[in-house]
Amino acid sequence: MVTEAGDRRSWLVLAGLTALAAFQPLGCEQKGKGDSALGASLSALLESAGPNVIVPALADAEAKALALDEALARLEATLTAGDDPAADQLAAQEAWRAVMSSWQRVELMQLGPLGSSLTALGGEDLRDEVYSWPSVNPCRVDQVTADGSYAKDTFFTESLVNTTGLDALEHLLFAAAENVCPAQVTPNADGAWEALGPDEVARRRVDYARVLTAGVLTALDDAQARFVDDGFSKALALDDPNTPYESEQQALNAVYDALFYLELSTKDKKLATPLGLRDCGETICPDDLEHLPSGFGGPAIAANLAGFRALYTGQDGPGVDDLLVELGHGEVNDAVIAGLNDADAAVAALGDTPLAELLVNEPEKVLAAHDAVKVVTDLLKGDVATLLALQIPAEAAGDND
Amino acid sequence: MATPPLEHLVSLLLAPFTDAGSRTFWPGLALTALVAAWFARVQPWRASWTQLLALTRHPSTRLDVQLLLARQLLRGLRGVAATGGAFAVAAWIVLRLDHSLGAPTPLTLSPALLAVVYSLTLFIAWDASRFAAHWLMHKLPFLWAFHQVHHSAERLSPLTFHRVHPVESLIYDLRGALTTGAVAGLFFWLTRGQAEALTLLGVPALGLALNVLTGNLRHSELWVRFPPAVEGWLMSPAQHQLHHSAAPEHVDKNLGTWLACWDRLAGSLVISESPPLTFGLPAGERNHRDDLLSALFGPFIGAAKALIGPRALAALGLLTAQAAQAQDPEETPAEPAEETPPRPRGEGVGAEILIYAEDGTPRVAGSAHRVDEETLERFEYDNVERVLAEVPGVSTRGEDGYGLRPNIGMRGASSDRSAKVTLMEDGVLFAPAPYAAPAAYYFPMSTRLVGVEVFKGPAATRFGPQTVGGAINLLTRRAPVGLDYGLDLAGGQYRSGKAAGYLGFGDERAGLLIDAAQLSTAGFKELDGGGPTGFQRGEMMVKGRLRLGAEGVLELKLGLSDETSHETYLGLSASDYAEDPLRRYAASANDLMRWTRTQAELSWSAPLGEQVVTRTVLYHHYLTRSWTRLDRFNEGPDLHDLLQTDPSSGQGALYLSILRGDEDSASLDDALALATNDRRFHSAGLQSTARWSVGGETIGSDLELGLRLHVDSVARVHTQDLWMMTDGALVRADAPTTTTLDSDAWAQALAAHVHEDLRIGEVHVLPGLRAELIRSQRIDVGAEVLDPRLAGILLPGIGALAPLGPWLDVFAGSTRGFSPASPGRSRRGQARDGLVQRARPPPPPGRPPRRARRLLQRLSEPHRPMHPLRRLPRRRHRPPVQRRRRLDLRRRARRGERAVSARRLGALRPGHLQLHPGPVPDRLCLRLPAVWRRLAGRQPALCPRAPGQRAARLEPSGARCRRRRQLPQRHVGQGRHLPRHRGRRPAAVSPRRLVERPGHGSPAGVRHGHKPHALRRSGLVATLRRAAHGADDDHGRPQGGTAGTQG
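From first to last, the protein sequence lines are chains V and A. Heads up: the first sequence begins at 7 in the working numbering, then just goes up one per residue. Heads up: the second sequence begins at 855 in the working numbering, then just goes up one per residue.
Simulated from the structure, these hints should not be mistaken for laboratory data. If you're wondering where the values come from, they're calculated on a predicted model, not measured in any experiment. In this text, a Cβ means the ideal position worked out from N, Cα and C, and glycines have one as well. Hints may contain errors.
Across the chosen pairs, the derived CB separations fall in these ranges [stated by the list, open to error]:
1. Glu252/V to Ile978/A: 29 to 37 Å
2. Ser1374/A to Glu252/V: 47 to 55 Å
3. Gly1392/A to Glu252/V: 19 to 27 Å
4. Leu18/V to Ala884/A: 32 to 40 Å
Residues from chain V that keep clear of chain A, each with C-beta distances beyond 12 Å, as calculated [to be verified]:
5. Glu68
6. Arg80
7. Ala198
8. Asp205
9. Gly237
10. Asn259
Chain A is faced by these chain V residues, among others (derived, beta-carbon under 10 Å) [stated by the list, open to error]:
11. Ala27
12. Pro140
13. Val191
14. Glu401
Just chain A, same shape as in the assembly:
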């Protein structure tokens, strides 16, 4: 459908102002107008109505307008798609790479990170290619003949941007096509179409922002500079005005568009000092007049002369010499400091500062909370999630409603299977395999707990390995002195029953405790066709205590636990949930979890002298688990998609009916695949702590040292069976059992910690340090066996606690969090989880590794003052030469003289100024160009130099040298994850893994606002990714279904 001619013409001519990709997009022009108005007020000699009128009437401006119109009209006649050339280049690259190298495995980066990398690569490539093309325009006479049309402008205005010869436009279009096509093609091949540039209004966001904010100021006569250090990296409008300057010293300078690094490399960078006196070209050099026809055809004549004249050869010789010219070291701006100094003492990073100081809770380097026995008995919590719900900062996510498999998270860390929290019972790790498989499928029954301690932040450095969120220590009853007993019987709905009791007796020398509990319920859900939905769970603990010697106590703890629970992950469709939320589909009838756990711990507590108390524990835990659950249809739709879509027609309705038991499975295609995950966990270790307490009323110290040697392992055998829905019941299909996973993983860990509680009066200072050294391996049957991994990490933490009155404590602390990766995770996964993976060969002997070297350096550096100009008294300590130069600057500013560059002052040259002895912390000082402040009458000040910086930065006084925010290091031991890793697998795994959410702990059909997986599986990009993953013949579905699923 063709547009009306007038409408088309108008849109064509207005495109430079309405197209978001255009330099003269109207918001940019509006911003330029505001800046011009400000200049008119503050610097009337630079911008006034008279000057504006003169500008519009100037012949140069008229030619700007004519060329703008001519270019747009010629583009309209040309009608070439802007992206056509780039597409051809990109397609050629992708197809050639595909055919010669094949499709690579797509990069496993988060979409956000990929978008950032892609956008930055495009930006840098575009800028580099522009510089190269512009450099050629200036160096080759043939091209200069056309480019000088742009440089012949004697007055600059935003419309000068469009003062470009059509041949030059064509050359730049070609440049753009080649560059864009190359980068887009390469990223497409690497990511199989996943990479998308960050755009705003359909154009790259960064380019749009730069164009709008500073683009039009470049072609204007408003002198807007950046600080010299910034101008070394980013082209300021002033620098581009110098590029248009007619002065000989500015010829062929500042050729870059946005980045100044290319000019630095080529030796053509000029830092802006003073505005140029004139713009344009010498009269003798121009090949055209200020009229359109001359501007269009004159360059052709000039180009012809350049081609056949002797000057062409001379220019080539000149070109070679200029390319070898070295960079002027004085032009080199300061290198920003690489090292980030440590935070001076006393300043926090916004860590949790809330602390609950319960009586009996030791002062710890972090937030701590205790739920005592009285609270537990008062509320009779059987569900540990309800116990922990009292504690601030602890989040729990229930699955079954009974707390059978609590998901506990702390301080925002993922709560999936409580894998990010250190879980202990009486100070001993109780997760089935805390290192080899951190997911906690066992949790002690709350009926036999007498206390719960929760440690967050720096407090968690005493415990490990998970220190991201914190640690939870469950306290069980001890063998009493005397006679102690209790019985707790309860009954409730759904045939729920609890029987718990304990009996203990003993004296000072020995004691015995037996604690047992049994919970059962028929379940509150109603299974279609009938059947159990509840659980039975029992635990028994026996503790014995024997005093040996004067003070030593030997304790033995034995435990036996088991569970049988008919719980499922299969949810309901929205309509079925609305009708009966307690319904359970017939397809989940066979879901069953059974596990048995044994526990044995032998501990020895004894004092060493008067001030030291030690406790050593030898422990062994063993857990076997078999978990059968509905996984998927054999060949049907994804369960989650099915429930979320809730179809009432088509095949979807048929599959939903099969889930409900209303329809029979007709073939193996609509058979139900039930996965059985059998696992055996071993966990054993020896740990010892020693606490040394000294001090008096005013000062004291509690030093705790701890050491733990721990080994654990997990053996996984996952199988899958097909079941047919027949008459509302599941019947085993005539299909063999397939093994989907057979693996062994183990881990050996040596952990040590030191924790100090230094008490000075009422104030506590609590530094701590934890070290973990972990060796692990995973062996998958039938797969390549990788060498065991060895990883180590240091986890410091520090806190301070000060009471402010009887009811208020103030706490501040900082800690480094860590969460070890399970054996068998990818290298990227290990890095993201903070596990140090040495991909490089070890450093030569005698030279510590880089990371350790930086840590040592930081620890050994002297204390640095916060700000020299604030800390040092002005008159007494500053060298006289500084004061003189500072007064000189102030006098000049008061006189309203033009801005004097830092270099001209001389006082700021490298080596001429020393603000204070010792290294200077890095600061990010300037917010606005110094010249603006100076000319506004503010006094200039000097910014401290950073290490390695050759020239100090000029900064208006009054503007604070603000501290640069410490950005967390992502790659070592922080426990910080890329956002997509918070509790979830990387997004770039095969679509099948994304589908297996039920195995991850999230019940199907419950998530909200989640895009159906099936829709993500369709489409061109999904096809390309599937092909690249090698899922050529299974369309993203791994053979055997549930490989690698957690659950």
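Chain V with its partners taken away, still in its complex shape:
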């Protein structure tokens, strides 16, 4: 039984609800399909990761590389003038450290064009063009120095990554005057190295270093262009029709894989293996350390942690920490942040002493750093992975829904 007045009131109520609902701000549209509960926060993270985290890190590295190029130019001028190059050599080394520190932050952002073409969706190996550790070959660098092939226009197209990048620069700037090749191979077997003499070797090394720095600058420029001009930042947010990601979950996977560098490389390769905890047939394996010529291992790990924190927190924008909070698990995020803080402290305790020395004299400090980083990575591959991977299936409507 319904009265006319009642019917009118009903339609009035509906009209009011319609007006309210029409102008209710509901936020952004969902991109991609997925059953994740992450919703708008995930979209915001993916939109922000490129412009707020990765591109600024690349820009910072580029600025530092430019400074390195200037330092090398001064060193080259000093050598040409025949003056004592010691001070300029030190300045160049310092400039390299600055670039390396900046780049070690970017090591935690290997997704998209920066990722490996073998493992990452949309990977273009741009990271390897800048820094290819552990694929380094100092002997090959000495061979190129001796034969002068670095001066060719086609050097970068013909060379492999173990003769270019910041790893080769490290050898050129920090290695001793002698080469590291065995006696039976060039440039020792044919006497080419000896024929050059120390001065020529030093000059060639600086020339080679300048060529490599130019290559690093080009690679950094390419990387920024891929993220900004070519819109990989948009592809990451699934705003680009050519995105390699089929869903937001896949894009989140790429971000997660980038963060997982902390486990695979920082914890395992840079700390656990030299400590003899894995893949080491001896008590310790100091030869497997990163940055052996420069002794830059400790600061590199500190920079890794900084890069992890940048991508994890999103810098000034939304990050994985916001995702965890939105999912109602802020305590997991708190644990990660606390772990990061402890890891920063443990790595800072290593100081500037080369890790090779610490492994022999104070291995407990290196072990403490390893354990502190492990706390973070355990959370990363445990609770964080669980919460980010958990997908809830949608339910088809049943009666009374």
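Keeping the supplied structure of chain V fixed, place chain A upon it in accordance with the hints.
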């Protein structure tokens, strides 16, 4: 980015019709409209334009529309993510379980099976929770105050689905969150994120299908029923209409959504008989009028009254009594029969029916083919794969191009290492260890073969243990009577050469044969940096024959074989292959296979009387093998990924250059790991067969009995060395040799078979039975030693062969296939391979095991007719009472009366009807609801009862009682594998095992369309699985690399 208000509003209001998860998704509405149109044509009193107009104008329908709009608008204002609550529940469950119990080892189920299990669990959980919530809605007055908004509908239409109070919607959302979260969380924890529900258009497929097909009919006035037996399990639209009925006997009935089992348990199930007369609620019971404001606020008043009134207490007391009410046995629908009767004689299951009847080939229970000596000599096949390519049903997969390691499969069974085919030479198993390690790394040279017999299907029951595809018997030359000799010399490209010859002489009493062959080639591939890529292979066989006594013959066969082959599994990248397909990378320079085999067989053939011939063979084979091959980079990318990706930049290009020898290894990280698999195989046994032949021209019998006692073993010692690529050559690295596997496996097997060839005129009937009893064990050094396993299986087979003229034979047969698992396989792996594993304690003495009991039962059951109504003459044998009731039904149908339920007829009550004596085979009879056919003028018929069924099913005559397809039993001896097991390891093993494909026989870089393993290793789910596998510190890579690899 916010959407424009109008667009947002429109999408919000249209969501019930455009959202695939909604009941009123437009395809479902379209289907309902079609059904309504059909009803309008056939039953005008149920559906007509006039009625439709009246429906749309009814106040109840108006309120349906208003509530639909109000709910959507309120949902838009609420803006709560549907999955938020469920996620919280699931996350809580997973994290609590992780922290308290740790991450379990993920279930090793195929993704397809896991998806099905997950989807079904979700479906059942959702349905059960809906029933529980709906039951509470009806039983608790406080909740009933809100739920009656839905029941106050006096006219039903699909929009009535949306006639729900917002508070009730909230309660159901909460129910959904709890249920979904619990199930999703539990499955996530168990499978570490592997489980994914089967979805269609983003919603569960089963729910979508049910919603589209029948969902909207539930809230309609179109009387659509299911057969009573089906309605006992699946809610029909008619049953839900009864739920909305105003009749007192239908109150609180049929509360379920899709499954009716919950109502059966609760005693609230009503099978649909006749449509309800009225819908809705009595006037005195309603707490609202048919306008929106009243419907929204009236229930609050009603709920308040229910909470504080005395009725609340009384209702609770009533609730307790109702919960104890027993189920009405008459309502219980028929239980479907559990037993599947055996197939009556004469019907096949689609097995191979092709047979080649070559002269000299014995008639066997299955397809058989013979490649004779003339064919072999004509084509001079040196490659046994080319020999077998002639035989239908046999597939071969080449690896090296020379047939050194043929992979033979039959009838679709995996061809990997010919492990699914019984391989024999002169009737004796020649695989190195057919039971302990079925992979065949030895194959006789085809140069010394004089015939090849291939047996498929039931024919393979004479041979074993592999009966899935069939058996291949290679025939070698026998010591001649007289002088026989031959020499075969050949040469070819790539410095290939063949020298084969034989010399035999003898007389009736004794003979001797020496047969030797040598093959060699430098290989057609070009190794970077030079080096051999070919092989040398030699075989020698000596046979002696001696007649002892009147008829007995003693034969001795000795053999010596060896091979050295520089073959590799390493392929090429696509670009290198395009440039030079015969190239071989420098990294494969050290790949080398060497083996030596000795063979000794002593056989005695003698007749026993005039009709029985026996042959007994004592044999011993020994093979040692050492196989060195490139396995992987020590710390670099997967070889297959590298070759398939063919990178031209980055570290990938560097590693590819190392493979080519263009770049040196700089450290142990990019060193090359070469695995050396040393194995020793022993195989020995004693087998005896007896053949009894009797009969004359019209009828005859060849009965063969066989018995074999066989033992074999394999000792595996696998090691790994690191090599550095230096100046284009491999140089041993300064790293110790690591042992990756040290194990011993053995097997003892007792096999017996009986095979009969019953000849009746030209027709042959060929039953056979094989029994295998296998005891095996694998011992891995450093691992827990498990007790030896004992397993047994029976393998029946039967065939019939009938010639139709001089050039055509017709054959039909059926057999049970079997493939024994290697010692050391997991229990699941054993079960899938048909190996019976007794996880339960043995049955009490005197009571045979379940499986054997069922087999005995099947064998002892009498013959069952195919269909009683077809086989029995209608007038003579059917009891008179049946005929009377059948005529009565026909008369009623012709008069167009309403459908009469089976129960009302009375004639179909349990015990009242016996269609024919004896047990009835189970049938799956009805395709459409009987009422449709009846009302269309078809005569009803009676479906035979299945054992245990209490009421016969009503079925329109003319609809055939079709035989239910016999689904194969998966768990015993069928040799059927889950799809992912066809020749491959289970998908859920560690990523490292998946990576080791080259060891499995598939050359790296050759597979097509295969997702790179590296991509499967990345991501959140892969991380969770790695952590659960305990590969915490090695990221899915077992320490030592190649443990357990076949190859």
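Each hint, compared with the structure:
no. : hint                              : result
1   : Glu252/V to Ile978/A: 29 to 37 Å  : holds, 30 Å
2   : Ser1374/A to Glu252/V: 47 to 55 Å : holds, 53 Å
3   : Gly1392/A to Glu252/V: 19 to 27 Å : violated, 56 Å
4   : Leu18/V to Ala884/A: 32 to 40 Å   : holds, 33 Å
5   : Glu68                             : holds, 20 Å
6   : Arg80                             : holds, 31 Å
7   : Ala198                            : holds, 16 Å
8   : Asp205                            : holds, 28 Å
9   : Gly237                            : holds, 17 Å
10  : Asn259                            : violated, 4 Å
11  : Ala27                             : holds, 4 Å
12  : Pro140                            : holds, 5 Å
13  : Val191                            : holds, 7 Å
14  : Glu401                            : holds, 5 Å
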